[in-house]
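Colleague: The residues making up each chain are set out below.
Number of protein chains: 4
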Amino acid sequence: MNRSINVTIWNEYRHEKTNEKVASIYPEGMHKAIADGLAVTGTVRTATLDEPEHGLTDDVLASTDVLVWWGHMAHDEVNDEIVERVRQRVLRGMGLIVLHSGHFSKIFKKLMGTSCDLKWREADEKERIWIVNPGHPIADGLGEYIELPHEEMYGEHFDIPQPDELVMVSWFEGGEVFRSGCCYTRGMGRIFYFRPGHETYPTYFNPEIRKVINNAVQWTAPVDREYPRYGHAQPLETIKGIQA
Amino acid sequence: MNRSINVTIWNEYRHEKTNEKVASIYPEGMHKAIADGLAVTGTVRTATLDEPEHGLTDDVLASTDVLVWWGHMAHDEVNDEIVERVRQRVLRGMGLIVLHSGHFSKIFKKLMGTSCDLKWREADEKERIWIVNPGHPIADGLGEYIELPHEEMYGEHFDIPQPDELVMVSWFEGGEVFRSGCCYTRGMGRIFYFRPGHETYPTYFNPEIRKVINNAVQWTAPVDREYPRYGHAQPLETIKGIQA
Amino acid sequence: MNRSINVTIWNEYRHEKTNEKVASIYPEGMHKAIADGLAVTGTVRTATLDEPEHGLTDDVLASTDVLVWWGHMAHDEVNDEIVERVRQRVLRGMGLIVLHSGHFSKIFKKLMGTSCDLKWREADEKERIWIVNPGHPIADGLGEYIELPHEEMYGEHFDIPQPDELVMVSWFEGGEVFRSGCCYTRGMGRIFYFRPGHETYPTYFNPEIRKVINNAVQWTAPVDREYPRYGHAQPLETIKGIQA
Amino acid sequence: MNRSINVTIWNEYRHEKTNEKVASIYPEGMHKAIADGLAVTGTVRTATLDEPEHGLTDDVLASTDVLVWWGHMAHDEVNDEIVERVRQRVLRGMGLIVLHSGHFSKIFKKLMGTSCDLKWREADEKERIWIVNPGHPIADGLGEYIELPHEEMYGEHFDIPQPDELVMVSWFEGGEVFRSGCCYTRGMGRIFYFRPGHETYPTYFNPEIRKVINNAVQWTAPVDREYPRYGHAQPLETIKGIQA
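Chains as they are written, first to last, in numbering that gives the first Met the number 0: chain R, 0 to 243; chain B, 0 to 243; chain X, 0 to 243; chain Z, 0 to 243.
These aren't lab readings, by the way, just hints derived from the structure by calculation. Honestly, I wouldn't trust all of these hints.
If chains are identical, the list can't say which one is meant, so a pair holds when it fits in one copy or spans any two.
Once the Cα atoms are required to be at most 30 Å apart in a straight line, the calculated DSS-like pairs of lysine-lysine come out as [as the list claims (entries may be wrong)]:
| hint | residue 1 | residue 2 |
| --- | --- | --- |
| 1 | K239 | K108 |
| 2 | K31 | K105 |
| 3 | K239 | K105 |
| 4 | K109 | K239 |
| 5 | K125 | K239 |
| 6 | K20 | K125 |
| 7 | K20 | K239 |
| 8 | K16 | K125 |
| 9 | K108 | K31 |
| 10 | K20 | K210 |
| 11 | K125 | K105 |
| 12 | K31 | K210 |
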């Protein structure tokens, strides 16, 4: 597929500046690694927390088809008005891909309505991400599972609304499972939550993980249609003498 | 069924005090009519906007299995802290039945994550609520449809997440359709949105409408289990020398 | 989008030969009108009931990405082995678009598992197909609804499994509603049921109806991946001395 | 809850007669162990493959609210007419609980429309069944997971339609995951697939497994309403001079 899709990758970009291990894996930031993995014909831009308006100005969002979100230690520093600005864009059709610890971001929690809480553990353990919906576009080109030798564990119960479509379920060495690839539509916007990507592992260089993110960009890209009209409506048919 | 279920009916209770037509239909308030229609073995209480804490104290909520919500003209006057208090209860298992104009209540919007907007028209028109999931417990004891001779119209697009289960779809004389009976689970709580019930019609005296609300009380009643544990977790299996 | 997609349009092609009104609307068959409305970069072929193997040989199906199905008066004449052949292709990823009276085709009933029964009436009545999921790819480029001045009525209850995604709901002049645009995944195959298209109306010349079918071709087109492996499996991890 | 529900437990009942290990665990048959675990106020009956009409006469089915199904080595010996008889009952509201290897039964495959295939392995491995929908009635009274020290492995991809509600996901020691507790509605009937229960393990004596089956009996029990009317319908509203 070669639709032109404009992607903006938002990264908190803090761990990379303060943690040597993270900096050694992602010297230019996780957003750079994610951007390098994208194969789209439109633009690929990045934005980070410490830029003015977190890099998410009205202009940037207006020209964004799909927004990718990675955040972790500074969710609370994201300005509520900007969160609402992003949410309004999603409801109007902008795609949103929420990665890993973004499960606790303000934008994801606000769109889901639940706590988005989960179990976690950092123990360098093996993760195997099984495809449970092999006909889904986000599973295009993948094998039966993606194996990551070392990742942070996320375990159920994951407090999310039941996904409209569940594409992936993870197995963890330490004994847990997790719904790792979850599709939603909210308003006109499509949302994909994708679990892997702890900052201390080179997950976003993995070709299969990159393939998933590329597929998700295609899947979340907006349709071309007007926002619905809401509010007071004239009848379309005649009712008791009210002219339609 | 005769599980003991404690129900609290929350009503804004403003139209009844200021509008003669509404007062003549619901002289003791819409909450009273809804309460009179319930057939449960537990308690039935009511609470209204102008009571202290809107009648929704911690104690009241702690002893509520299912909360029914009707609001319209004063959504904005509902205190945000109390909205969050209700939401936390829902996530922990309290059932929530949102009626008619409650689609725009803070609690429903916060749990859905979308705008919850829709089309509307007041034209005394006929509504026919078709059952599209006849095996669902909320359809128990009903015919193929419920016909209301006069109601306010609500039309699509209704900006809600796709329901986990869609039970009813309305036909309106003026030319619109609407997803009128929508089931959700959020956290451990079950939510049912039910469309009819404009304040200027005696809808909540209708035996079939009352049947639906009774069914929904049964369906949204909580299970008996602990809230999941979230946060840091020890491994259940041995990982690389970490003792499970 | 310009993925190359090979489409085969299957038509029963009986009404056109025996009914003057139908012949006057669709002189070359309904399949020809549907084919003329497609805008794909791959091949567009047609197949009909009275061809050998109904035109659905192994070779034809092997080179078909999306199969469109219209049948009505001769569902029973479709050979069971060919139905199973089509079903196996769907489970392996071939898209299937089932039109109108195809709701009672052997292939749709076999894939759904339910009776697929419904209410119907031929009364030249108005249909208005409302979009209830405006962000869905099948809603791309459409307005808020599609209005057809005259169509056969199909009414609820429609005995289908709850759609994975419900995109459209019809309003009918005579008082009924119908879930008109329904998305399913079965195996690796995606299925879209689309209601309109009675043989006595020129529905398949309508540009908006054609737009929906084009969108559905894109949506049902298969992913590029292997069929999952089933059956006996060796462990991936060591279990009690069994070497993984 | 104490609704009166009449349950019939169907068991293939072959392994118990030919395999010493199975006979030692289930000397009176698996159906007897499942029946002993039920706590319902209605009747509990059993039926087996080698009885006339497999024990599933019209009379038996007419007085059955919920049918439980266990089969494995002799799926093909189940008469097609009786399978269709059961399916018709399900579509008219009878609940169906399909256990373990019943995934490959004729009745389950016919209701699902897919191959219902999966991966499997007999290696005495540990299974941990995680609850992913803790507010669901089938999760009532359970902890966060059910642990079975030894079970047969079933692994993804499990070729089923996406469940209407997914309640449980299994973790297996050998590296796989599986959607183990799956809810469907087909026609008016509710269906629950529950994974565990290989014949060589005493799984149906496990109190938590028995709790799940009891919960599922409550959840699948039919509503009290008429079967919908299908076929030709008179208009409910006036259309162009046709009297409603």
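Colleague: How would you label the pair K108, K31 (within, between, both, or neither) given a Cα cut-off of 30 Å?
Modeller: Close inside one copy (25 Å), not across copies (36 Å); limit 30 Å.
Colleague: Is it within, between, both or neither when you check K16 against K125 at 30 Å Cα-Cα?
Modeller: within (27 Å within a copy, 43 Å between copies)
Colleague: Given a CA cutoff of 30 Å, do K125 and K105 count as a within-copy pair, a between-copy pair, both, or neither?
Modeller: within (29 Å within a copy, 38 Å between copies)
Colleague: Taking 30 Å as the upper bound on the Cα-Cα distance, should K31 and K210 be classified as within, between, both, or neither?
Modeller: within (16 Å within a copy, 39 Å between copies)
Colleague: 30 Å Cα cut-off: does K239 pair with K108 within a copy, between copies, both or neither?
Modeller: Answer is neither: 46 Å inside a copy and 34 Å across each miss the 30 Å cutoff.
Colleague: First find the shortest C-alpha distance between K239 and K105 inside one copy, then the shortest across copies, and answer within, between, both or neither for a cut-off of 30 Å.
Modeller: So K239 and K105 fail the 30 Å test inside a copy (48 Å) and across (35 Å) alike.
Colleague: Reference check for the pair K20 and K239, CA-CA at most 30 Å: within, between, both, or neither?
Modeller: between (73 Å within a copy, 21 Å between copies)
Colleague: For K125 and K239, with the copy left unspecified, which applies at a CA distance of at most 30 Å: within, between, both, or neither?
Modeller: between (68 Å within a copy, 10 Å between copies)
Colleague: Using 30 Å as the alpha carbon limit, work out where K20 and K210 are close: within a copy, between copies, both or neither.
Modeller: Within one copy only: 25 Å inside, 48 Å across.
Colleague: From the Cα coordinates, with 30 Å as the cut-off, is the pair K109 and K239 best called within, between, both, or neither?
Modeller: Classified as neither; 43 Å inside a copy, 38 Å across copies.
Colleague: Classify it for me, K31 with K105: is the Cα-Cα distance of at most 30 Å met within a copy, between copies, both or neither?
Modeller: within (23 Å within a copy, 39 Å between copies)
Colleague: With identical chains treated as interchangeable, where does the CA-CA distance between K20 and K125 reach 30 Å or less: within a copy, between copies, both, or neither?
Modeller: within (19 Å within a copy, 36 Å between copies)
Hint compliance for this structure: hints 1, 3 and 4 are not met, and every other hint is.
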